Amino acid sequence: MTPVVELVEHAPAVGVALPDGVGRALAALRIVDATPDPYSPGRWSLRAGSKVGAVTVTVPGHDELTVRIVPKVPIGRLFFLLGYNLDPAGAWRGGEVDVAEHREVLPALAHAVEQQVDRALRQGLLQGYRVTEETSPVLRGRIREAEQIRRRFGATLPVEVVYDDFTTDIAENRILRAAVERLLRLPGVPREVRRRLLHQRGRLADVTVLVRGRPVPEWRPSRLNARYHHALCLARAVLEDASPEHGPGGLRVEGFLFDMNKLFEDFVTVALREALRGSGYVARFQDPLHLDEARTVRMKPDLVLYGPGRAPCAVADAKYKAERPGGYPDADLYQMLAYCTALGLGEGHLVYAKGNAGHAAHRVRHAGTVIHQHALDLDQDPAGLLADVAEVAARLVNTPHV
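Read in order, the letters of the sequence shown correspond to residues 773 to 1174 in my numbering.
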């Protein structure tokens, strides 16, 4: 059996007996912090950071090793954050993504995707028009005149044609199949979930398989594909998130990882935007700014709020950090002060995943700038969490200028 190392997100390091080649591979991949034990040859100190999930690493000349990283927040809450980020107006707004009894990231993700794909396909595969270009023995649609001259100069047949084909082989179905195929390749998917995923792949058998490494095709939400929306949102997470498949030096890596830093930051910014929807304010994410007049020092706060006159009126940054005994890191305050100075704002807002402290405000000497530190409790129910975000949003719109 493949050896398994169990770690907890941001927990103290664990000492594990590992061949040096495997330890160096983990260090190079940066899935976890891996350092050799200076006093015990053959042992490595492994510490999980913000990435959660499971990966199996194969190093040439060594056995496979599976690393499972458990998040601190409940699995159901993690998937609520994910679902809200992908579709804040959808059914996940006030409840949980269905993860059944699963307590690990990958099994829960596979279950959730299979359930959503099943719901999307209950009424049959969605059909739509797709532009098709091909060489045909008969005339169909329109002749591609330039291609006909270039390829068939002087010949009548075959014909280079383009036409609209009404088919199930459209972007929406291709994305669903790609997500199902990706999950079926990953180790750690429970047998029952894998069986159901194979059934969904059978339903999508006539859909083209996407080439690995190619961009995911674009799709646009509409009334016609409404029943696909949730499935497509989760499928996008499967295909686009931090999911390593290979590494340097012949390493083979199979698994799926969520970056909790990004997940939390995305949730905070999206939830603040939704809380302010209809207020006349415009929220911009990662808006590029410059600290200096020469515009050489670049900055990108997570969220800048602009008022009706298009002037900046608030700035916020999300920090998925555990509070230390002495409080949150001072460096965050310095960073927010720089944002406020560049934007000409009298207040700035830092939003953390909750530690032991609640709201705090710091007034900067000789400047008068006030920096707020807010804490969101991720362990509470979704309604309470969104209510806390709404309170932060209310403070943003009352931010004074310098």
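I should point out that these hints are in silico values taken from the structure, not numbers from a laboratory. Where hints are given, some of them may not hold.
As the list claims (entries may be wrong) - Think about it this way: if two alpha-carbon atoms lie no more than 20 Å apart in a straight line, the pair counts; the simulated EDC-like pairs of lysine to aspartate or glutamate are:
hint, residue 1, residue 2
1, Lys-1126, Asp-1160
2, Lys-844, Asp-859
3, Lys-1093, Asp-1104
4, Lys-1093, Asp-1038
5, Lys-1126, Asp-859
6, Lys-844, Glu-781
7, Lys-1091, Asp-1059
8, Lys-1126, Asp-1149
9, Lys-844, Asp-1149
10, Lys-1126, Asp-1151
11, Lys-1034, Asp-859
12, Lys-1091, Asp-1151
13, Lys-1034, Glu-964
14, Lys-1093, Asp-1160
15, Lys-844, Glu-778
16, Lys-1091, Glu-1026
17, Lys-1093, Glu-1065
18, Lys-1034, Asp-1059
19, Lys-1034, Glu-932
20, Lys-1091, Asp-1149
21, Lys-1072, Asp-1038
22, Lys-1093, Asp-835
23, Lys-1072, Asp-1102
24, Lys-1034, Asp-1089
25, Lys-1126, Asp-1031
26, Lys-1072, Asp-1104
27, Lys-1034, Glu-781
28, Lys-1093, Asp-1151
These numbers were taken from a predicted model, which means no experiment stands behind them.
Worksheet item: For this structure, which hints from the list above don't hold up?
Response: 2, 5, 13, 16, 17, 19 and 22
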